[in-house]
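The hints should help you fit chain B onto chain A, whose structure is shown.
Heads up: the protein sequence lines correspond to chains A and B, in order.
Residue numbers for the first sequence follow my numbering, so the first one is 1 and each next one is one higher.
Residue numbers for the second sequence follow my numbering, so the first one is 1 and each next one is one higher.
Hints are computed from structural coordinates only; laboratory data are not their basis.
Fair warning: there could be bad hints in the mix.
[What the hints assert, rightly or not] Dumping the calculated DSSO-like pairs for lysine-lysine here, alpha-carbon to alpha-carbon at most 30 Å:
{"hint": "1", "chain 1": "B", "residue 1": "Lys-271", "chain 2": "B", "residue 2": "Lys-253"}
{"hint": "2", "chain 1": "B", "residue 1": "Lys-253", "chain 2": "A", "residue 2": "Lys-48"}
{"hint": "3", "chain 1": "B", "residue 1": "Lys-48", "chain 2": "A", "residue 2": "Lys-239"}
{"hint": "4", "chain 1": "A", "residue 1": "Lys-48", "chain 2": "B", "residue 2": "Lys-271"}
{"hint": "5", "chain 1": "A", "residue 1": "Lys-48", "chain 2": "B", "residue 2": "Lys-48"}
[What the hints assert, rightly or not] What follows is a list of derived Cβ distance ranges for each label pair:
{"hint": "6", "chain 1": "A", "residue 1": "Asp-29", "chain 2": "B", "residue 2": "Leu-293", "range": "34 to 44 Å"}
{"hint": "7", "chain 1": "B", "residue 1": "Lys-261", "chain 2": "A", "residue 2": "Asp-17", "range": "32 to 42 Å"}
{"hint": "8", "chain 1": "A", "residue 1": "Gly-3", "chain 2": "B", "residue 2": "Asp-29", "range": "43 to 53 Å"}
{"hint": "9", "chain 1": "A", "residue 1": "Ile-138", "chain 2": "B", "residue 2": "Ala-92", "range": "33 to 43 Å"}
Glycine residues also receive a C-beta, built at the ideal position from the N, C-alpha and C atoms.
There are 2 protein chains.
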Amino acid sequence: MFGVTILGNNSALPAYDRHPTSQVVTLNDQVLMIDCGEGTQMQLSRYKIRRSRINHIFISHLHGDHYFGLPGLITSLGLLGRENPLNIYGPAQLEGIIMPLLNAAEAHLPYQLIFNAITTEGVLLDTEKFLVECFPVIHRIECWGFLIKEKRKPRKINKETIGRYNIPTSFYERLKDGEDYTDENGETVKNDKVTIANAAGKSYAYCADTLYNEEMTAKIQNVNLLYHEATYLKILEQKAAERFHSTSVQAGKIAQLAHAKRLIIGHFSSKYETLDDFLTETREAFPNTQLALEGVTYLV
Amino acid sequence: MFGVTILGNNSALPAYDRHPTSQVVTLNDQVLMIDCGEGTQMQLSRYKIRRSRINHIFISHLHGDHYFGLPGLITSLGLLGRENPLNIYGPAQLEGIIMPLLNAAEAHLPYQLIFNAITTEGVLLDTEKFLVECFPVIHRIECWGFLIKEKRKPRKINKETIGRYNIPTSFYERLKDGEDYTDENGETVKNDKVTIANAAGKSYAYCADTLYNEEMTAKIQNVNLLYHEATYLKILEQKAAERFHSTSVQAGKIAQLAHAKRLIIGHFSSKYETLDDFLTETREAFPNTQLALEGVTYLV
Numbered sequence: 001m002f003g004v005t006i007l008g009n010n011s012a013l014p015a016y017d018r019h020p021t022s023q024v025v026t027l028n029d030q031v032l033m034i035d036c037g038e039g040t041q042m043q044l045s046r047y048k049i050r051r052s053r054i055n056h057i058f059i060s061h062l063h064g065d066h067y068f069g070l071p072g073l074i075t076s077l078g079l080l081g082r083e084n085p086l087n088i089y090g091p092a093q094l095e096g097i098i099m100p101l102l103n104a105a106e107a108h109l110p111y112q113l114i115f116n117a118i119t120t121e122g123v124l125l126d127t128e129k130f131l132v133e134c135f136p137v138i139h140r141i142e143c144w145g146f147l148i149k150e151k152r153k154p155r156k157i158n159k160e161t162i163g164r165y166n167i168p169t170s171f172y173e174r175l176k177d178g179e180d181y182t183d184e185n186g187e188t189v190k191n192d193k194v195t196i197a198n199a200a201g202k203s204y205a206y207c208a209d210t211l212y213n214e215e216m217t218a219k220i221q222n223v224n225l226l227y228h229e230a231t232y233l234k235i236l237e238q239k240a241a242e243r244f245h246s247t248s249v250q251a252g253k254i255a256q257l258a259h260a261k262r263l264i265i266g267h268f269s270s271k272y273e274t275l276d277d278f279l280t281e282t283r284e285a286f287p288n289t290q291l292a293l294e295g296v297t298y299l300v
Numbered sequence: 001m002f003g004v005t006i007l008g009n010n011s012a013l014p015a016y017d018r019h020p021t022s023q024v025v026t027l028n029d030q031v032l033m034i035d036c037g038e039g040t041q042m043q044l045s046r047y048k049i050r051r052s053r054i055n056h057i058f059i060s061h062l063h064g065d066h067y068f069g070l071p072g073l074i075t076s077l078g079l080l081g082r083e084n085p086l087n088i089y090g091p092a093q094l095e096g097i098i099m100p101l102l103n104a105a106e107a108h109l110p111y112q113l114i115f116n117a118i119t120t121e122g123v124l125l126d127t128e129k130f131l132v133e134c135f136p137v138i139h140r141i142e143c144w145g146f147l148i149k150e151k152r153k154p155r156k157i158n159k160e161t162i163g164r165y166n167i168p169t170s171f172y173e174r175l176k177d178g179e180d181y182t183d184e185n186g187e188t189v190k191n192d193k194v195t196i197a198n199a200a201g202k203s204y205a206y207c208a209d210t211l212y213n214e215e216m217t218a219k220i221q222n223v224n225l226l227y228h229e230a231t232y233l234k235i236l237e238q239k240a241a242e243r244f245h246s247t248s249v250q251a252g253k254i255a256q257l258a259h260a261k262r263l264i265i266g267h268f269s270s271k272y273e274t275l276d277d278f279l280t281e282t283r284e285a286f287p288n289t290q291l292a293l294e295g296v297t298y299l300v
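Okay, chain A solo, but in the shape it has when bound:
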């Protein structure tokens, strides 16, 4: 399973039971959190997402609607007896902002809290099964987008053909990595005769609060799922630009230029009680669009 569950889809001012930004990305047994607005820990309970499975939290920028839920989540994980380390990735200032809150409580966390300052574009996390990269977006303050890429899975042994060749099973792992097999007589079995390619790894890009920025699309080409903010409807394009935000149509254009397979939009302004117009407008530019709705999981 590689999916994105939305916990908050609203912009700064909570409204209409829409919450500030947060989402979790599930990659098999890993749960990565992106942004953590106020109330995120309650949203996790509401949607029955196990807090203990979150080991990495990525904070795009230091506007409160993207991280004011972090101190409460960190504290609650301690009260729940967490023991595994928790990694936080975000702007360099973040650690110096969060630690005084924790210190004032004079509470000892039973787990290790590790702040990883984001200072430059590149790989933040590299595991056996996936990579998380960051890239800059254009907002009023320093702000980062995130790209999560499943690694290409190893090839599978072709059970129908493998029996035709005399290849020792001890070589199978190397076959899965794509190597040809050459026996002691120098005869070679081409890899693709005895293995089958697995599906390519999929990818998800999170384009946090950002001005419309075509340059960014070079970083996120061909993503399977793209989240892009759409704070305003197209009629407020001027206002969006002034506030370093994007409109519905601009989100659609970015998805088009990125050749994304699918787009979800969020970070809706609290001026909008209903969201139907966002969907209609964005689909003009990019038909395969959905609203990022709280509690819903979008498969990558």
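Chain B only, in chain A's frame:
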């Protein structure tokens, strides 16, 4: 109207749709907030309490479940275009903790934010109609209780008797303050012949997170309404003491010793899904007890 509306009645870990501590005290046209746990701004919306009417926020102590909602509320009030100054009262460290969060956002608040450090027992706020005092309670870290006292209202002119005396209307305000009237011939009209006493001012005490502490009751004698924490049921008295909290029965005993008219209890541990036992146990010690339920207003 002098009443207390509960916004959050749970202890540190939000559970069962109970939220961390916050409440608002309405005194005619004033709304005072006491504590501001994570999600308080959403609770204000949920219960349709106008944020713009809050001019004073009192923070009892620096455990997160009592103030992690403050940065979000401060920010949202700015986004809503607030212009009136906002006063925050709390432990001296609070300003140094909150300001870096606001500064990191590089947002300019359109109103004045005033931090008032609580350093000693006494009067925090003295207005024409009410007083707010603080007193120390015993918790793991510095922690304050609050006492809100309506001032004794001025006397009323007795319309049935005032006509019998030749007292100029320009003296009426002094009559309301309790003065006797003496005319130019030296003849005196005793104040109580021409005025009627108004009801005595009422009082509300908030005993934030605290160990059972009988000494405290000297500060809150005869309060009309007492809020006392009751984190655990009586069987966990030992655990309560270790964590500097109180039990149901202890809250009742404090109300009894304080000669309170009425008690509300809150700050329930997340280990309890239902609260009926809290009520039963506390009433053993103090019959006129109610659970502090979210969204409910308790008249003082």
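Hints versus structure:
1. A threshold of 30 Å between alpha carbons decides the hint, and for Lys-271 (chain B) with Lys-253 (chain B) the separation of about 23 Å falls inside it, so the pair holds.
2. Under the criterion of a C-alpha separation no larger than 30 Å, the hint pairing Lys-253 (chain B) with Lys-48 (chain A) is inconsistent with the structure, at around 39 Å.
3. For the hint linking Lys-48 (chain B) to Lys-239 (chain A), the alpha-carbon distance of about 29 Å falls within 30 Å, and the restraint holds.
4. Between Lys-48 (chain A) and Lys-271 (chain B), the direct Cα distance comes to roughly 17 Å. Compliance with the 30 Å bound is thereby established for this hinted pair.
5. At roughly 27 Å between alpha-carbon atoms, Lys-48 (chain A) and Lys-48 (chain B) fall within 30 Å of each other, so this suggested pair holds.
6. Range check, Asp-29 (chain A) to Leu-293 (chain B): about 39 Å between beta-carbon atoms, so the 34 to 44 Å window is met.
7. For Lys-261 (chain B) paired with Asp-17 (chain A), a C-beta distance near 37 Å keeps the hint of 32 to 42 Å intact.
8. Between Gly-3 (chain A) and Asp-29 (chain B) the beta carbons are some 50 Å apart, a value that agrees with the proposed interval 43 to 53 Å.
9. Roughly 39 Å separates the CB atoms of Ile-138 (chain A) and Ala-92 (chain B), a value that falls within the hinted 33 to 43 Å.
When the structure is compared with the earlier hints, a violation turns up for hint 2 alone.
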